[in-house]
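Enquirer: These are the residues of each chain, in order.
2 protein chains.
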Amino acid sequence: MALSGKALVAQGGGPTAVINQTMVGIVLEARKFPEISKIYGALHGVEGILNEDFLDLTQETSHNLEQVALTPASALLSTRVKPDEEYCRKIFKVLQAHDIRYFFYIGGNDSSDTVRIVSEEAKKANYEMRAMHVPKTIDNDLVHNDHTPGYGSAARFIVQAFTGINLDVRSLNGVYLGIVMGRHSGFLTAASSIAKKYPEDGPHLIYLPERPFVMETFLHDVKAVNDKYGFCIAAVSEGIQDVNGTPMIANLMKNVECDPHGNISMSGTGALGDLLADTIKEKLKIKRVRSDTFGYLQRSFLGCVSDVDQAEAREVGERAVQLAVWNDEDGSVTIQRTGYYSVDYKLMPLAEIAGRTQSVPDEFINAAGNNVTDAFKFYVRPLLGSGLQPIARLRAPRVPKTGKKE
Amino acid sequence: MALSGKALVAQGGGPTAVINQTMVGIVLEARKFPEISKIYGALHGVEGILNEDFLDLTQETSHNLEQVALTPASALLSTRVKPDEEYCRKIFKVLQAHDIRYFFYIGGNDSSDTVRIVSEEAKKANYEMRAMHVPKTIDNDLVHNDHTPGYGSAARFIVQAFTGINLDVRSLNGVYLGIVMGRHSGFLTAASSIAKKYPEDGPHLIYLPERPFVMETFLHDVKAVNDKYGFCIAAVSEGIQDVNGTPMIANLMKNVECDPHGNISMSGTGALGDLLADTIKEKLKIKRVRSDTFGYLQRSFLGCVSDVDQAEAREVGERAVQLAVWNDEDGSVTIQRTGYYSVDYKLMPLAEIAGRTQSVPDEFINAAGNNVTDAFKFYVRPLLGSGLQPIARLRAPRVPKTGKKE
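Same order as they appear, the protein sequences are chains B and R. For the first sequence, my numbering gives the first residue as 44, with consecutive numbering after it. For the second sequence, my numbering gives the first residue as 44, with consecutive numbering after it.
There's no promise every hint is true.
Identical chains share a label here; the pair holds if one copy fits it or two copies do between them.
[Claimed, not checked] With a Cα cut of at most 35 Å, we get these calculated DSBU-like pairs of lysine-lysine:
| no. | residue 1 | residue 2 |
| --- | --- | --- |
| 1 | K239 | K81 |
| 2 | K75 | K389 |
| 3 | K133 | K239 |
| 4 | K389 | K133 |
| 5 | K166 | K420 |
| 6 | K271 | K444 |
| 7 | K125 | K324 |
| 8 | K240 | K328 |
| 9 | K330 | K444 |
| 10 | K266 | K133 |
| 11 | K330 | K167 |
| 12 | K444 | K166 |
| 13 | K167 | K240 |
| 14 | K266 | K239 |
| 15 | K125 | K444 |
| 16 | K239 | K166 |
Derived from the structure by calculation, the hints contain no laboratory data.
Turn these sequences into a full structure, and let the hints guide you.
Expert: Here's what the structure looks like:
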């Protein structure tokens, strides 16, 4: 028999284009079950739980929820707080005080660890409750998931960006570096490969945190491409590391800024792109070298959404509620690929997800470590969704020269 | 009686999302006139004319032309060469050698000056020819134009970017600076104002090159907003200047890079954003400060297009051909606003456009010089086109606290 009581949903970590789909999926599905008396939303993630900052989402219109679902970033606001055991115990006490029997936390692997500890506290206290982690991260780095909600839309942004960059750089030549988010895993940077349509299109070079970044090799690669085509486009992960595993950006920042998870702040600065561009100018004597750091646009840009990502983000939320009500176990909802292209959802133990990071697998990276393989392109294409605008070039024949210009 | 002969079209300067609409408008319209025997396209702008690098666009399918029209950036490729008088004389010689009687150059005010000199050379040589400048620039800085093709789509990108940024920053707090293109004129930066929906939404501060940038005032403004809302979002033009008229970015760059027009290269580096962010961190002791430099994405991002801009870009091309064939004068096609919202096109003398720059007028800037007025928002809104995705917030009531968390 299903537990009776209230439900609570919260969002953690960096926003995505579809995280609100998941939240709304949870809310609308929860409202269908008579066992769930109310569905609360915590503001600012775990901080809001500790402070009892709850909205009563039972009192939202379905229309407004659907509008919120289409809105990027966390409608319940977010937090970078990483709770320790003591913090999680306090979370549990608040849940208990409100007779919350269903706890849904939407986030990455740090969030799943929070859910794990809360779940254990509930068991210790003999308090019957379902604690569910619901996946979300543009980094696509959760283990046991084929991919994560949020990744497809962010990847689509990267494809739309590099498609335009290809056309732009080709029209004026030069070297262009696009710096893409992804602290430890290069999935987002790798998505840039889909922008390549014509043989001389970029990105010609793709650098991921999964392979050591060596400046001399990088310069050699850029020179080779630029000599061949007269221009060169590279996609570079913000998380690239030197041979010692030190992030390149850590060598650049005067004051390294860390979040409460101990991660160096990488976005919100153009330092890495500027360093690489300056080095190319200086060492290769190439005049027109530009770098863009895509920054926060890639995770919250309005109207850049994969319909596949949108649907799956909604479904993980719905399934989280269904599994919580109908099964007697806590866990993390994961996305499993079952065909090309179809998915299904599977509940995995929280301890299996928490604190682990999925990197881009070897078969997706080329031997030289400066591009991706076709296997990766095959993997990523369905996640970008439908309706990507096609581009076209002129194919008209050349006019014979008169040679009479003087 | 209309001139008989060939037509030539070329594209100059920075790409836009709709410059190919204009080129295709010219080509399709030119193919309707029996007087025009062929329509050529010069590759890489004036460089391609001097080198006789022409495509015979008479031999393009209409389908492919329509696909190219939807593709951002210059399909005929572009150039940063600014021709002097001698260069223009050579251009004229090539046109004459190919029996070109209609010359269409799509570009900004530098391009209009090229057209002006070519027009004068033709008159001197008693060579009957129509030389037409067709407007294009995301900077929106051509005089005698209500606005320019390319601006509306780039402005839409800025609105979509800041709408997402509003949601993103609100969820995690902090100070955010978005650095927007616009060397001398702040129209593009000003467009960010449309992203503000809810009262506490950003951008709270908007800095344009039209007003001197004073660091102390900037810090004071940021602190006031951040104290009020707990976060602060500012849109800053890359072209902001100090009280002496020196671009802020010129004070930052180790090696200032200039294009052949004598303009300092401002895009393709995050230096300005990083300096402002570092100063805020240091002086205001605010921890989470981020800056993004939007860079090349804002002029060539795939699929971010204003339908109004698209239609007008097509029309200026069509009208350029019609005016060239049916009138006996050279000139620049300009956009005139005739209602809210309707436009018409008017031919202006080339000398009236060439070498002049339109700034954001005073009535569009607030008294403090750190934001825009409603008059600007009224002006810009129709240019963004239809179908901007609405965003929504949760409106559910707060849940009473139990106070029983310990």
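Enquirer: Now look at each hint and say whether the structure bears it out.
Expert: Tested hints:
1. For the identical chains of this complex, K239 and K81 are inter-copy neighbours only, at 33 Å across copies versus 49 Å inside a copy, given an alpha-carbon limit of 35 Å.
2. For a Cα distance limit of 35 Å, the shortest separation of K75 from K389 inside one copy, 21 Å, qualifies, whereas the shortest one across copies, 61 Å, does not.
3. Taking the shortest Cα distances, K133 and K239 never come within 35 Å of each other, neither inside one copy (50 Å) nor across copies (37 Å).
4. Taking the shortest alpha-carbon separations for K389 and K133, only the intra-copy value of 29 Å comes in at or below 35 Å, while the best inter-copy value is 70 Å.
5. Within a single copy, K166 and K420 get their C-alpha atoms no closer than 44 Å, and across copies no closer than 57 Å, so neither meets the 35 Å cut-off.
6. Proximity of K271 and K444 under a CA criterion of 35 Å is satisfied intra-copy only: 25 Å inside one chain copy versus 66 Å between copies.
7. Taking the shortest alpha-carbon separations for K125 and K324, only the inter-copy value of 23 Å comes in at or below 35 Å, while the best intra-copy value is 41 Å.
8. With identical chains, the CA atoms of K240 and K328 are at most 35 Å apart within one copy only, with a shortest distance of 29 Å there and 47 Å across copies.
9. With identical chains, the CA atoms of K330 and K444 are at most 35 Å apart within one copy only, with a shortest distance of 30 Å there and 62 Å across copies.
10. In the homo-oligomer, the alpha carbons of K266 and K133 lie at most 35 Å apart only across protomers (34 Å), although the nearest pairing inside one protomer, at 57 Å, exceeds that limit.
11. For a Cα distance limit of 35 Å, the shortest separation of K330 from K167 qualifies neither inside one copy, at 65 Å, nor across copies, at 38 Å.
12. In this assembly of identical chains, the alpha carbons of K444 and K166 lie at most 35 Å apart only when taken from different copies (24 Å versus 83 Å within one copy).
13. Proximity of K167 and K240 under a CA criterion of 35 Å is satisfied in neither setting, with 57 Å inside one chain copy and 47 Å between copies.
14. Proximity of K266 to K239 under the C-alpha cut-off of 35 Å is restricted to the intra-copy arrangement: shortest distance 19 Å within a copy versus 44 Å between copies.
15. Taking identical chains as interchangeable, the C-alpha atoms of K125 and K444 lie at most 35 Å apart only when they sit on different chains, with a minimum of 23 Å there against 68 Å within one chain.
16. Taking CA atoms no more than 35 Å apart as the test, K239 paired with K166 passes in neither setting, with 52 Å inside one copy and 46 Å between copies.
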